[in-house]
Structure formats: C-alpha cells, structure tokens
Amino acid sequence: MKKWLGISLTLAVLLAALGAPWLAPHDPLRTDFPQSLRPPGAAGHPLGTDQLGRDLLARVLHGARLALFIGGCTVVLTAVVGGLLGLVAGFVERWPSTVLMRIVDVQLSFPFILLAMTINAIVGLGLRNIILSLSAAGWVVYARVVRGEVLSVKQRDYVQAAAALGVGRTRLLFRHVLPNVAPSIIVVASLQFSSFIVAEAAISFLGFGVQPPTPAWGSMLSESRDFLYVAWWLAAFPGAALALTALGVNLLGDWLRDTLDPKLRV
Amino acid sequence: MRAYVVSRLAQTALVVFLSLTAVFVMVRLSGDPVLLFMPMDIQAKDVNEFRQRLGFNDPLPVQYARFVGGAVRGDFGESLRYRRDAMGLVLERLPATLLLAGTSLLLTFAVAVPLGVVSAVHRDGLLDHLGTISTVLGQATPGFWLGLLMIYLFSVQLRWLPTGGMGGVAHLVMPSIVLAAFYSARVARLTRSAVLEVLSEDYILTARAKGLGEGRVIGKHTLRNSAIPIVTLAGLEAGQVLGGAVITETIFAWPGLGRLTVQALLNRDFPVVLAAVFFISLMYTLINLVVDLAYGWLDPRVRLT
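Chains as they are written, first to last, in the working numbering: chain A, 1 to 266; chain B, 1001 to 1305.
Source of the hints: derived by calculation from the structure; they are not laboratory data. Ideal Cβ positions, reconstructed from N, Cα and C, are used throughout, including at glycine. Treat the hints loosely; a few may be bogus.
[What the hints assert, rightly or not] Some chain A residues close to chain B (C-beta under 7 Å, calculated; not the full set): (1) Ser109; (2) Ala121; (3) Val198; (4) Pro212.
[Unchecked claim] Chain B stretches covered by chain A per the calculated footprint, using a threshold of three residues with CB under 8 Å from any CB of chain A: (5) 1242–1254; (6) 1259–1265.
[Claimed, not checked] Under the rule of at most 16 Å between Cα atoms (straight-line distance), these lysine to aspartate or glutamate pairs were calculated in the EDC-like manner: (7) Lys154/A - Glu93/A; (8) Lys2/A - Asp1124/B; (9) Lys2/A - Asp1128/B; (10) Lys3/A - Asp254/A; (11) Lys1220/B - Asp1202/B; (12) Lys2/A - Asp258/A.
This is chain A alone, in the form it adopts within the complex:
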C-alpha cells in the first residue's frame, strides 16, 4: 500500500515535470491582464489564473520541473561529495578525518533550513546558488552515515581477506567497501530528496532562492499571500503539489529503507 502509493505519486510528479511543456495549456510566463484572478474551472484555465493572468496549471506543472531539478541536482551533489568524504574519513583514520568530522559536528549543530538560507542570502540568489547552498548545508548527513558504515564494513572478513591478498587501497575502497555502503547512500539520498525540495520551497517562500517570475512553488506561495482574501486557489494548488510530492517521495524513501537497510536511523 505504502509502496504503491509512494511509487505512483512519485511517477505522477515525474511525468508532470518531464511533460510540463506539452501538458501545460499555456506558457507559464505569459501574462494576460483581462483574464487575471479567474477561479478554477474558468474557460481554458482548469486551475484558474493568478494576479497577472498567468495560467496556474502551467505554473504548477513547470514548478514540478523546477522542484525535481533542484532536488535531483542537490541530492547527486551532496551524495557524491558527502559520500566520498565519508568514505575516505572512515577508511583513513588520520587527523584530517578527525578535523572533517568535527566540521560535520559543528554544522549539524545548526538548524538545516537556517543554514541553507543564510548561505543562500550571502552567496546570492538564483537557481545555481540555491542548489549550491542546499548542498553546502546538506552534505554532512552523508559524511556521517557513510563514515559510520565504512568503519564497520572494513573490519569484515572479506575486506580483510582482500587486503591480505595484496589488493591496493584505492581498489579496496572502491571495489570492496563502496558496494557495501551503497545501500545506505541510496536510502539517505531518498530520505533527503523531499527535505531538499521542501527546504528550497521554504527558502524561496521567504524571499531568497528562486526569484519570481520563475514558476517555483515556494515563490508562488509567497506571492499568494497578498491575494488570500480573494483567490484561495493561488495558495491551494502549488502547496498541494508540494505536499503530494513530499508525500510520494517520503513513502518511497521509507519503503527503500525498509527493504535495503532496516536498521538505518537518519
């Protein structure tokens, strides 16, 4: 039940994102003042229009594209950077590893959303910078989980045996240790994915991150606040899209964890 709901919701969002240019009835940026603030069901606009007469359905669909793109890039970036650092920190127990893990501790001692927002406000707004800010705040989770896994995996007999046979350190790390910590990386990535999407929306909602008129769910919700008295649909649909995406990805992540790595706590 959980599994199928998760898979179908995630697939639906993925389809919406990939098919946005064909599914959307209009250009998400095209303004049409005479048609502004039409309620859902208005002719040609199934979800209505916003204060500039832009089609809400088109904006929500393109918002899915943006959300998945940002979430996807951030997950890949954090998994590669955090995963590699954690891998090396667990494998080579020297002082650079200690320093690295102290940095991880310090960074984990700060609320994630606040950290990402502060970095974003300082380095600057826009699509590329929001991905970089979320990554800079999010890589530590992988580093900590992967290091812990490596510390236990490298004591196992098959790794010891490979080392005794004279396998080089690099090969040992990537051929024998990495495949055995990969499930944890996949599970952390799937659980992080929705928190990145929600964090991006929250940061854009607060006025950083992705800026209008780009159709991002967060900034659409932020703009909807001024029209809450007259146009509920501007707040309802982008938020529902965001919540359903988070729900689908969360369920998928839970299922992946139960299947691949039931003991993992993130």
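Since the structure of chain A is provided, determine the placement of chain B on it from the hints.
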C-alpha cells in the same frame, strides 16, 4: 560529572566561535557590505565616509580581531539599518521566540507522545492506522502551506483568529499549531517504534506474567524504558524548532528572532545576522547539553565522560 559539564561547555564555546567565524568569512567574501547595503544612487563620498565610520576600510585581519574582541563581550556592533546595538535588537526579540517555541514543544509532546503510545499499544488496530496516516500526512505537509491554509480558514472565512502579530492567546494559537505539526509527526512516529521495541522485551513479559495490570506495564515499565530515544529526538528537534520558527514567524508576522534574522538577511544587515547566529548556535548547543545530562538521569547505565 563536573569535568564532563566543563568540557562540554568548552566545546559549546568552540562551536559558537567557529560558526561566527564561518559567517564572518562568508559575509566578507560575498562583497563589500556597505555597497550591498546602500541604495544604488548613493554618492562615492558618502560610501567612503560610511565605510570609514564602520571600520570597513581596515585590513581584514584587523576587522576580524575587532569582531572577535567585540563578540566575546556580546558586542556585535550597530545594526546598519536601525542604528541600534545589534545585540539589543536580538535580545528584545528573544522572549517572543522562546514563548512560541516553548508552547509548540509542549503541544508537540502533549499530543505526539500519547498518540505514539496508543498506536504502539493497539498495533495494527484502527487507532494505529489513523495515527500512521496522520503522521505521514503531517510529515509531508510543509509548515508554511499549513499556515496559509489555516489563515484562510480561521481568519479569512471564519474570522475566529487574527492573521498575525503578537497579542493575546488568540495570536498564539495558529503559529504554535503550525510549528508543532511537523515535529509532532516525527515525535509520534519515533515514540511508536520506541514503545514497540520495549514491548517485545523479556521484562515486559515478566511484568505481565506476574500479574501487573496493563496500566502499570505501559505507564511504568514501558514508558520509562522508551524515554531515551524520545528525549534524544526532543533535543534534536528543539534545535530544528528554532529553524521552523523562522518560517512560522514570517507567515504570522510574529515579532521573534526568526523573523528578525530573515529581515536582517534580506536587508543585508550583517551585524544583526551575526548576533542572531551567535544566539541560535548558543541555544542549540546548550539544549543538546541538557539532553545529554538528561540521559544520565533517565538511564543510570549511561556514563557521561
């Protein structure tokens, strides 16, 4: 015990110091704070005077030394926007945030722990399924969307509650529910799994075998033993509540530390940003220390070293 507390306090000081240094470096790397702050049409002469007055013309190490020297005394300089002591501004906003965060944490534990316990005790029953559905939905619903929906329902349509600001109890209702919603979902899920784990232990079987009533088995033997993971999460969540407060305070125009931080970041008012970062990291690490101390009390087997 005392040595442990002293060393943890020293670590706290280090964490706070490193966070401040990181923010200071990032701010200076991101460009000239005066140019970023000033309006576009300002004259070069005024920029220079402003820069001179605030000490931005000195070499970077000098600025850093002055910053650290001030920070240890709690002095972060003057807010660029309000022309007032940055620390004073932060302290002024602190009680509002503590009130909001405290209310939500109380609400979280008053709702989530009983929910989790009931779910676990009636495993796979109707209540458990209802509990699971509500926690899964609660975790997926972003706080700022929930906030907007509540404002629409309770302020716009029903006119029961004010849309924002701080005042009587009515002002506190929506912000604290929104802030509590997300964390309640996590705490309820964790409580459920912690209680389930304890319920399968031998000593629970023993307690039942010797004829103890279900109330005592759950109330005394189970709850106390499942408290450790719940308290751990409480500590971690207390910090995340500070992060959540940033968003909640902005939606409901709650005059707290979170909203001040967002505004200071939007206005590039960096002395205020640094003072806020100082307070947030200090509170977060102190909360974690209190949580670690609570372990020793909850579980005498835990040795603090």
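Each hint tested on the structure:
{"no.": "1", "hint": "Ser109", "in the structure": "holds (5 Å)"}
{"no.": "2", "hint": "Ala121", "in the structure": "holds (4 Å)"}
{"no.": "3", "hint": "Val198", "in the structure": "holds (5 Å)"}
{"no.": "4", "hint": "Pro212", "in the structure": "violated (15 Å)"}
{"no.": "5", "hint": "1242–1254", "in the structure": "holds (count 7)"}
{"no.": "6", "hint": "1259–1265", "in the structure": "holds (count 3)"}
{"no.": "7", "hint": "Lys154/A - Glu93/A", "in the structure": "holds (12 Å)"}
{"no.": "8", "hint": "Lys2/A - Asp1124/B", "in the structure": "holds (14 Å)"}
{"no.": "9", "hint": "Lys2/A - Asp1128/B", "in the structure": "holds (15 Å)"}
{"no.": "10", "hint": "Lys3/A - Asp254/A", "in the structure": "holds (8 Å)"}
{"no.": "11", "hint": "Lys1220/B - Asp1202/B", "in the structure": "holds (15 Å)"}
{"no.": "12", "hint": "Lys2/A - Asp258/A", "in the structure": "holds (11 Å)"}
When held up to the earlier numbered hints, the structure conflicts with hint 4 and nothing else.
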